[in-house]
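Asks: Please model the entire structure based on the sequences and the hints provided.
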Amino acid sequence: MSAVKKYRFDPDYAVPPGASLQETMEALDMTQRELALRTGLT
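With this note's numbering applied, the sequence shown covers -2 to 39.
Simulated from the structure, these hints should not be mistaken for lab results. Note that the coordinates shown come from a computational prediction; the quantities given were computed from them, not determined experimentally. Please note that a few of the clues may not be correct.
[As the list claims (entries may be wrong)] Here are the in silico distance ranges between beta carbons for each label pair:
1. T39 / A0: 34 to 40 Å
2. P14 / T39: 31 to 37 Å
3. P13 / R35: 18 to 24 Å
4. L34 / S(-1): 23 to 29 Å
Glycine included, each C-beta is placed from N, C-alpha and C at the ideal position.
Replies: Okay, here's the thing in structure tokens:
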């Protein structure tokens, strides 16, 4: 059974992936170093 989508998100603009990542990191009070350590990409 699939869920019915009530709202469609179809923006007419592009957001750079780095911008959303930076926003999330700031909200979590996470440094670039901590992100690298957590993801194993040091």
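Asks: Hints the structure violates: just list their numbers, smallest first.
Replies: Violated hints: 2, 4; rest satisfied.
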